[in-house]
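Novice: Residue strings, one per chain:
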Amino acid sequence: MIEFIVISFIKIAAVIGVMLTIVAYTVMLERWVCAWMQDRIGPNRVGPFGFLQPLADGVKLILKEDVLPHHVHKVLYTIGPTLVLMPALINIGVIPWGSNLPVFGRYIKGVIADLDIGILFIFAFAALSVYGIVLAGWASNSKYPFLGGIRSSAQMISYEVCLGLSVVPVFMQVGALNLSKVVEYQAAHSWLVLCQPVSFFIFLVSAFAETNRTPFDLPEAEQELVGGYNTEYSSMKFGMFFMGEYAAMFVMSALMVTLFFGGWSLPFAPFNAPATSLPVGLAHIGIFLAKVVALLFFYVWVRWTIPRFRYDQLMALGWKVFIPLTIVNIVFVGAVLALVVK
Amino acid sequence: MIVQRPKLTWWERTYLPQILAGLWLTLKHIPRRKFTRQYPEEKPLLYGDYRGAPVLVKDADGRVKCVSCQLCEFVCPPKAIRITPGFRPENRFDANVEKEPKDFVIDMLRCIYCGMCEEVCPEEAIFLKNDFAITGYKREELQFHKEKLLELGGVHDDKIWKWKNK
Chain A
-6 MIEFIVISFI
4 KIAAVIGVML
14 TIVAYTVMLE
24 RWVCAWMQDR
34 IGPNRVGPFG
44 FLQPLADGVK
54 LILKEDVLPH
64 HVHKVLYTIG
74 PTLVLMPALI
84 NIGVIPWGSN
94 LPVFGRYIKG
104 VIADLDIGIL
114 FIFAFAALSV
124 YGIVLAGWAS
134 NSKYPFLGGI
144 RSSAQMISYE
154 VCLGLSVVPV
164 FMQVGALNLS
174 KVVEYQAAHS
184 WLVLCQPVSF
194 FIFLVSAFAE
204 TNRTPFDLPE
214 AEQELVGGYN
224 TEYSSMKFGM
234 FFMGEYAAMF
244 VMSALMVTLF
254 FGGWSLPFAP
264 FNAPATSLPV
274 GLAHIGIFLA
284 KVVALLFFYV
294 WVRWTIPRFR
304 YDQLMALGWK
314 VFIPLTIVNI
324 VFVGAVLALV
334 VK
Chain B
1279 MIVQRPKLTW
1289 WERTYLPQIL
1299 AGLWLTLKHI
1309 PRRKFTRQYP
1319 EEKPLLYGDY
1329 RGAPVLVKDA
1339 DGRVKCVSCQ
1349 LCEFVCPPKA
1359 IRITPGFRPE
1369 NRFDANVEKE
1379 PKDFVIDMLR
1389 CIYCGMCEEV
1399 CPEEAIFLKN
1409 DFAITGYKRE
1419 ELQFHKEKLL
1429 ELGGVHDDKI
1439 WKWKNK
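Residue numbers (the numbering used here), protein chains in the order written: chain A, -6 to 335; chain B, 1279 to 1444.
Hints in this document: simulated from the structure, not taken from any laboratory.
Think of the CB as a built atom: it goes at the ideal place given N, C-alpha and C, for glycine as much as any other residue.
Hints are supplied without guarantee of correctness; some may be wrong.
[To be verified] Computed beta-carbon distance windows for the label pairs: (1) A/287 to B/1426: 51 to 59 angstroms; (2) B/1299 to A/60: 51 to 59 angstroms; (3) B/1391 to A/10: 50 to 58 angstroms; (4) B/1283 to A/120: 33 to 41 angstroms; (5) A/324 to B/1299: 53 to 61 angstroms; (6) A/10 to B/1393: 53 to 61 angstroms; (7) A/33 to B/1413: 20 to 28 angstroms; (8) B/1297 to A/31: 16 to 24 angstroms; (9) A/309 to B/1299: 53 to 61 angstroms; (10) B/1434 to A/31: 40 to 48 angstroms; (11) A/120 to B/1284: 39 to 47 angstroms; (12) B/1377 to A/56: 55 to 63 angstroms; (13) A/287 to B/1287: 29 to 37 angstroms.
Pulled out of the complex, with its shape left as it was, chain A reads as follows (with noise of 0.2 angstroms):
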């Protein structure tokens, strides 16, 4: 039992913060990239390379001063930054990082909660960042930040159901809900994202939209919304949903990369089975870690590339499109497996 606490604060303590430095670091892939894109240099100036800039932005957001403005709700604005980072904290605990790692005669799994309801338990609790952003929205008391919030709860809950269905199809070739085991599946036979491309591109738009990425970033809207929900905000309160951005992009990733691109696994020995010496486990999780830096880039590379969609297109994209296409998937899937695969 100590053991077993013991081991999970370590891996809890790892977990954040690899995931915390690359967030930052996301946020520096960010600007890199849409500086190389725009035909710019972009930050090089801390440090060698520039490589240091999250640090100089953490310090400056953390020494801004934290404007408390009178109109405001007090006890709502504060917890909603809070609410937008807690859920993608949460989540990250679930998604499995990699096989095992045999350590002193012990395996350690590569996830810190194995649960057997893993991709429910993640869509509950993404469902909740979207509170985050509505009661920031709301304890502004300003009309930008309210229309923002406006946006999101529409968007977001429009988009959870697209999320949701598009998923059920993987979970009914796997036949398990807990991510280890589909990893496993995808290790043993092959990438989901090759049996389930529909379900993947579906997955793929829907999670740009549960994020609030670009084009579905509507709740912040520089240009419409002054930035929206966050209009408000100022200092660390900003820092935070600017982390929990990106912090939900990370596990958005990490999740596609469990879902469909196989996790860990690479379709090769030794990485296509649960690891049983500490090399081969340390390096599934750098493949793991590798692919989710690759999703991620793909999240700056879209960000940079097109423009936002008008609400009225992203709601039809939503309930029109997306959920009808979703439910021809899931039947047509149960249809093959009953028929062909049986």
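For this one, chain A is given, so just place chain B on it according to the hints.
Specialist: Frame of chain A; chain B shown alone:
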């Protein structure tokens, strides 16, 4: 004017071809040559007639060209120039010119780089050179006096040596 909307095919109406083309375009830009100028290290290329801060010049004999006629002081729109006129000592090498400024102050905080002083000067003694980033920690530092202005100006490569044989 009536805009004929093109008839899109089913594939085009999914937005996907445009999105993929856009992604390819932005990707192509990543390795391209960058246009950023790293400013304090890389100065911008300025041309000969660039109007930067005004400075005083000497002629090739080392004579201060300004004869303190005070036309520039008079014409200066923001009144940035202040001249204290004075005479030259009689036995100096350049004494064939009677006057020179005892002090010549340009307030760089007021100067608007219009170039009217350069235009009005009958002696071609004041020029707008290439300095465009005039900074200092105190207001006093930005009152450029005669010595500093002459140092910044240097020698003017002048074809007509007006005072050489007078």
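Novice: Each of the hints needs a verdict: does it hold here or not?
Specialist: Evaluated hints:
1. A/287 to B/1426: 51 to 59 angstroms: Given a distance of about 58 angstroms, which is inside 51 to 59 angstroms, the answer is holds.
2. B/1299 to A/60: 51 to 59 angstroms: Violated, at about 44 angstroms.
3. B/1391 to A/10: 50 to 58 angstroms: holds, 54 angstroms
4. B/1283 to A/120: 33 to 41 angstroms: holds, 40 angstroms
5. A/324 to B/1299: 53 to 61 angstroms: Given range 53 to 61 angstroms: violated, Cβ gap about 33 angstroms.
6. A/10 to B/1393: 53 to 61 angstroms: holds, 60 angstroms
7. A/33 to B/1413: 20 to 28 angstroms: holds, 25 angstroms
8. B/1297 to A/31: 16 to 24 angstroms: About 19 angstroms separates the Cβ atoms of residue 1297 of chain B and residue 31 of chain A, which means 16 to 24 angstroms holds.
9. A/309 to B/1299: 53 to 61 angstroms: violated, 23 angstroms
10. B/1434 to A/31: 40 to 48 angstroms: holds, 44 angstroms
11. A/120 to B/1284: 39 to 47 angstroms: holds, 41 angstroms
12. B/1377 to A/56: 55 to 63 angstroms: 57 angstroms Cβ-Cβ, so the 55 to 63 angstroms window holds.
13. A/287 to B/1287: 29 to 37 angstroms: holds, 32 angstroms
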